[in-house]
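Residue numbers (this note's numbering), protein chains in the order written: chain A, 1 to 328; chain B, 1001 to 1319; chain C, 2001 to 2343.
Rather than coming from a laboratory, the hints here were simulated on the basis of the structure. Each statement offered as a hint is correct.
Partner residues aside, some chain A positions facing chain B, computed with beta carbon under 8 Å:
#1 Val-13
#2 Val-264
#3 Gln-288
#4 Thr-303
Glycine is no exception: its CB is placed at the ideal position from the N, C-alpha and C atoms.
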Amino acid sequence: MRFALRRFGFFAVTLWAALTLNFLLPRLMPGNPALAMMSKFHGELSPQSLNALEILFGVNTHTSLASQYVSYLHQMVTGNFGTSLDFYPASVASVIGSAIWWTLGLVGVTTILAFLLGTGLGIVAAWRRGGRLDSLLPPVFVIASAVPYFLVAMVLVLIFGISLHWLPYLGGYNVTSDTPGFSLTFIGDVLSHAILPALSLLITTIGTWILTMRNTMITTLAEDYVRMARAKGLPGRRIMLDYAARNAILPNLTGFAMSLGFVVSGAILIEYVFNYPGVGYMLLQAVQGEDYPLMQALFLLITVAVLVAILVADIATALLDPRTRTAG
Amino acid sequence: MSIPLSLGQPAGEPRRLPSSHALARMGRAVRSNRKATVGAVLLLFFILVALFPGVIAHDNPSLDAYQPHLGPSTAHLLGTTAYGQDMFAQLVWGTRNVMIIAFTVGLATTGIAVLVGVAAAYLGGLWDSSLGVLTDVLLVIPLFPLLIIIAAYAHGGGTLLLIVVITVTSWSYTARQLRSQALTLRSRDFLQAARVRGERRLYVIVMEVIPTMTSLIVASFLTNALYAILFASSLQFIGLGDPNTVSWGTMLYWAQNNAALQTGQPLWAIAPGACIAVLGAAFALLNYAFDEIGNPALRPVRRRARRPELRTVPGSGRA
Amino acid sequence: MPEVLEVSGLSVDYVLDRGDVRAVDDVSFALGRGEFLGIVGESGCGKSTLLFAVAQLLAPPARIAAGSVRFKGANLVGLTDSQLCAVRWRDMSVVMQSAMNALNPVKSIGAQFRDAMRAHGKPPKDEIEARSAEVLRMVGIDPVHLRSYPHQLSGGMRQRSMIAMALLFTPDLVIMDEPTSALDVVAQRSLMVQIKELQLAYGFAVIFVTHDMSLISHFSDRLMVMYAGQVDELGATRTVFDRPLHPYTQGLLEAFPSIRGPKVTLRGIPGNPPDMARLPSGCRFQPRCPHAIDKCADVAPDLVELDEVVVRCVRRQDGSLPVTAGQEIAGQEIAGQEGSLSR
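Work out the full structure, taking the sequences as your base and the hints as a guide.
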């Protein structure tokens, strides 16, 4: 119980830190960047929207920093992220709402696949220590970790999209010929557009999962209880899964969640290369269009998502490890 | 399985590594480990290119005097860009920008991390817990989006901004790692001996602790340099670096802007991308090799034939 | 009586980058039915490695370099894991030093018992439960703990549940690697007594490795003293205690205080065990031996039988060190505590 409270506490602190960062950044930059943005839209925004933006960015206010901070936090908590400038007059919240499903689908599915495939390969590689898989893996994935995400995406586009014409490589679906809905053609279209981006993300992220799983497995295999399992004459597969893997995976779960930060970075770049209409692509569009409210909100969203994932991983670790369950 | 205690370790003698000894040991390790050698050679190659670009590429990279859209030829090894610039020259001269970023960020980040991390380990208390909280928080906040936001507010900065911003967001993780190691070293025998000899704390820290952490410090430098390259080029790629600097990332930016892949100029994007990958791989290989050197359990296992003792006839035992 | 175990010329090497190091050198001994053999030695002498080699549980970089291990007539060396499965646990089981490390932390005790039983045939569920409860009761643990996880039990209970697990099939041989070292003295003694009682009741042979000579001397039938990978002395426990032949054995005996008996000066054995990669010339013990002469550094002694005991000592073998030297204290030890199995 205390463990859960501590984690929630950490969650809260980090959330607060992200919010504060968001608050301070535009105010810290020399010559408040929001100023220029605001003047562009001065005549077109309603007084409330204008006010909300002013609070967000600290423009035209003659109140103290502290009271600005308080109003800012109040706005955040009530979910008022302001009006999007790029997609005026839509509110930031609604704009994000449309993009979020694309990213959830892409990142969600790919992460699950990478996790399953990655841990599986890592387990087998460590079990057959010195075998082909084991000696091949480390150098291959060391190199893979250095390859920038967008390069993988570009190479895939070049080969499968442009040269071979096998798969589409722009957007989430064919905008000209399809309308969103639950028709089979639409779903098929979505899936075919998702293959290349998903493949890019899978290739770039699976490496860490395999490697860390393999390394913890190697350490676990040296434990006494694994030797004991051998002494009892247990079949190989049971030892590998029930005795070794179940213990090896525990310290990795939180690490997996932490690495989500990198998955997110990868997703942003990959969405950019493929013009995939997700949250990452939207962030970059917002940057280019100087749509600061949208930018801020997306940053917060991404941070919260990573935090939630870490929390989930922590809870999962606690549930799977009987030692934490019965302890405090 | 624990190897019998008396296997090559003279009992009771504390292990200490003055920095010169540590560096020599690393040099030997690099030469014997294949991965490390490859990595070191590649790195050296890029360093040389960065130092002497004019020797290899004779064209001015920014000069747009040539015919655009040319394919590779003897005159232009990689062809020309959509603006009529020589791609090969850009690639070669761009190396300098990338190496500057990699080394500056690597050194700065590691330097700050050493100071703060070791200080936290020795000063303890509030310093230590603040560092802990700061690191945990920064670890969780996704760095790349944060970098994007900062760079966006600054309306895209030059190389200096990139360096500063990446350094500021990266040092804390390394600081934490170094702190952990410094903590474990605090209580080791040879440091106790130094204290008993009456050495002042600062002396102990600088002359004994830090040299012993050499391998971790080097590993941190390599990791930070690697991430600096990846982050910086990514930022440049999406247009948040200064598009007028000659760098691999900016080449990619212009390539993407001109739909290089679709319009039949794939080299414009693939060449700088591949260079980033190769340089990154050099750092990563060196880093991985150091990992193996430090943790022998991870070293490649020579695959022996299953149970060689099967072949040997059980010896005639003596009663 | 047919021997349960016959080890012949067993040698174990550690394959390292800088060359192979021999951790166990040409060890031979035999074990009869129901016999209790104690193996004593300092840390690093190779006794644990020897145990694992006998149980075929070595892992790289260790490997059996030479010799045979005949268990009930069949040589186990060189068999694959699946071939060994038939013998494992059913006829030969293992108890390790630290139960906390030897038990899977994420599975309950009962689940681990079940795994062992299911690995050898397909007994029905109730049979598994009945037998699991029975062995726990044998070691004095309430069967309700089958549902517990290892970390929920006390140290002593964990060790005893390991012993219970080892007896699931009432094997012919139980190999124990310092099972009492992690316990306090009181728990140690009570565990030893329990092991001895079980052994007498069910008739299995025991190989018991420890560094604590005084503890083992009350329970073992025969005693084997190891030093630097070799057997230095082997014989009936009482004989070895009454009349230790090897100077190392003498040193070990003199290093343990006795509550009863006259006050004597404790003497440790000066020096350290040798670096196995750089062994001294001749006898391995001579740098630390109070009786060493020049010849000891020239000749590497073989194991030789001398008055019902085998011993590896240059001076004992050539007679230059008479058998009667330095025996007084040891004799009193055994005489005073003989036959006391009271808790």
